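I would like the entire structure built from these sequences, with the hints used as guidance.
The listed protein sequences derive, respectively, from chains S and V. The working numbering puts the first residue of the first sequence at 1, with every later residue one more than the last. The working numbering puts the first residue of the second sequence at 1001, with every later residue one more than the last.
Keep in mind that the hints were calculated from the coordinates and are not lab data. Note that the structure is a prediction, hence the values are computed from the model and not measured. Backbone N, C-alpha and C define an ideal beta-carbon position, used for all residues, glycine too.
Not the full set, but computed from the structure, chain S residues with beta-carbon under 7 angstroms of chain V: (1) P175; (2) K205; (3) G244; (4) G245; (5) H255; (6) A266; (7) G267.
Straight line, CA to CA, 27 angstroms or less: simulated BS3-like cross-link-like pairs of lysine-lysine: (8) V:K1148 x V:K1210; (9) S:K180 x V:K1002; (10) V:K1002 x S:K199; (11) S:K309 x S:K356.
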Amino acid sequence: MCGIVAYIGDQLAGPILFDTLKRLEYRGYDSVGVAIKSGNGIEVLKSAGRIADLEKVYQSRGCPGESMGIGHTRWATHGRPSDQNAHPHTSGEIAIVHNGIIENYLVLREKLIKSGYEFASETDSEALAHLIHSHYRGDLYAAVRAALEDVDGSYAVAVLAASSPYLVCARKDSPLVLGKGASAVYVASDVPALLPYTKDVIRMKDGEVARIFADRVEITDRSGQPREAQVERINWSADAAEKGGYTHFMLKEIHEQPRAIRETIAGRISEIEGDVRLDLRISDEEIRGLERVTIIACGTSYHAGMLAKNLFARAAGLPVDVEVASEFLNLQVRPRNLLLGITQSGETADTLLALKKAKTCGLRSLAITNVLGSTVAELVDGTIYTRCGPEIGVAATKTFTSQLVAIILLAVRLGRARGHITPDQGRKMLIELTKLPGLVQRVLEKREEIREIAELYAGASCYFFIGRDYLYPISLEGALKMKEIAYIPSEGYAGGELKHGPLALITDKTPVVALATCGKKIQSNIKEVSARGAEVIAFATEGDPDIAKVASHVIELPQTQPIYSAVLCTVAVQLLSYYTANKLGLPIDKPRNLAKCVTVE
Amino acid sequence: MKAVILAAGEGRRCRPLTQTRSKVMLPVGNRPFMEHVISALAANDIRDLYIVVGYQKERVMDYFEDGLDFGVKITYLEQNELLGTAHALRKAEGYVNEQFLVVNGDNLIDARAVKELISSRGENVILAALRQHSGDYGVLMVQQERVKAIIEKPGRPCSGILNTGAYKFSPAIFEDLRHTPLSERGSYEMTQTLSQMIAEGREFVPVISKGIWSDAIFAWDLLSANNLALGMKDANISGEIEVGAIIKGPVGVGKGSIIRSGSYLVGPVSIGEDCDIGPSVTVLPSTSIGDSVRIGSHSEVRNSIIMSDARIGSASIISDSVVGASCTLGDQLVIETGPTVVDWEDAFERAEFGAVFADDVTVGSRVLAFPGTVVGTGARIGSGTSIRGWIERESRVIS
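Structure representation (structure tokens):
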């Protein structure tokens, strides 16, 4: 997803462009750029990075430019974000921002190269910039119209030229709205970005081209016939649209998990070979020579790392240490050790610091992250991206389950390379993996059952989560979710550990969530706590004949292999803590004291 | 102009496919019904959409989100009690202040039909279609280009001007909606509202559509809507076609999909993203295959809908059938096709199709499905069995 903005008026363009870009930030924020008219030229600032960072650069340069400019924000899903690929793209004195796909850009590119244009990026948008420039004879509006005649594809585009007194915008199949202020015109990809400035908007229609002056907008079709601009008064609030009908980003993101998992798998598995394709940049020979894996992570990512510990041991015969990044003080350098950093944002300060230490010792390293081109990718040999899109809710949901999927992919790859699992075992694991999105969907459909239980126990002063094997990390994750969004003190424990202390805390006032889809042993742990009067909420495999005898509430989850049931249990505990927090009326997307990406140690 | 899309109902008669999603989300031509509706509106530059959701609303919201990817802006309105279409439309009161459209999210409609509706004059306009049908729609009695009466669901086969359920109204309708009487079914239905308005002498202009309008009453009717929908979109090949695979006619293959050698595909066929088809699979006309579908070697699929994440084994023959999302069908499944009579809630419906599998059905190997087999969500069919008739959700067929 991308967003474009533009401004022309009587104020300094920079601050307004940055502000409207921030309102489009939920559409993506991995690279950003602005072009602002400045004297006889154009000031272009762009980079792979966050809007706030570029804004600081802008301020440090003394807020250059005048009252006319364009801007762009981007979230790369395929292809990496880089300074070259960031918009605006320039050609001579012309700068453009573009959202959409130019389908015939290879043909255009070839033609333009023949007529002497040099390309700085691989993007289709740059071809459009040069194409407009090739038609430019002092009349920007005519040049854009002429250029669009040659273009197949979709576009929302805003064009700025140093010698033109107006901006030009055009759209086809990509959204673009204009906002009319008292003495300025604002342009953005969607209405919410404009709402702080104006409630009067004009939605551009397909095939329309607009000449935008500070005090007026002239809209025509592509042949130059004038069209009447219909001004619409918006009467809805700024943030309603972004959540797509959900009350919280967290609930929306919980529901996005089937799609996020499908995306994370897409194009990476080959069932026929029973293997996984990952761009690890570590040879099979090196993988065979590995003796140990050290995983470094924080928070929710640390729980993903704990799951990897059991899985790598079984699937690849590799012993694993999992370290909380901030406690990773003494790096034991063993030569055949692989380091794996897990960080949603790719910017977690503690994790980065630990990886840097490892790098100086010459160890091979990998990272799992959700943000293309983030700092962590620079530090390591190979990166596995989870393809979730931006996560807005502070509590990690879809990024965690996608991390689990990435870990499973990596485990199969390591296992196959080391000959620890056969092609057929790999194939069977992968077949089950392709079913996972559908299974997660079925867990989501249990939402009403889970909501009822959550509301029943929302008043609890303490929650326990227990699980064994692959589900032990998930019990920790469940307790963390309950703490961070429902503010209920919670403990996650390995089932067998209860009798070594915490059982003393169990009373009839402490609900216990038992993750029971992975083996029968958990049932004796359930009996231990129910004997002490605790109410037990069990997440169990459907058709389990015994669980109802020991638990007070049973939520049945679809049958699958134990490793995948960890993902299903995760979704279930996410819903449980969400509905608990919702019942308590808490600010779910922005819990107190917490930030999404922790860039301090 | 704004539009209200009614998408709160389940579409009960499309069970078992609607056990896990509402009818608006059933795919025809590889896109949910409602996506076709939204594209038709957007093509006429109607981009402010109010979608009334209820049953399985999360599925709708997860797919369409805020509408940006579909070129529209969506506001969701919730109808939590399913009390009929008139009650649903009342949820949009206060959001529209000029003439607006009302369309069903679960019909197939094209841009031309929408254009006819918006360009006809009159305070209240009804989109109509000339058609023979089995009596499941309201029929319009028209005199001098005005609707004189609406006969609700005559219940016997008839031909005539049927009410498609797409309207253009002025905001004055909300006053009338408030006075709609409760129907015998215990709900507030829009046809009641309209009949009452006609009785009061209010004018309704019928516009008989030359565009595409289609509906599916039962799950197996999706196949004909699918056939129509496949003709509505251009077929592009973005995926990989291995050497030795033959493609004839309009065949779309989404990115990340692979068609393995020896396969033979005859369009119209639409294949989604990240599918793995073949080697040596035959796909014949009027087939839609969703995303991440696997079809094993030597299978044949004809005139069918295969939804996302389904897995079909080797040497299977599937025709005139609907296979729900995340189904796992074993090797050597044969679905016979032909005329049949389906037992639908104590009535018998004539039909001609192979089988309908709802979501998450697991089928062992060497299974034979007789014509008209309908299998509910999550059912498990053991190997070597022959199945026929209705199989309820979550049931186990052992032998």
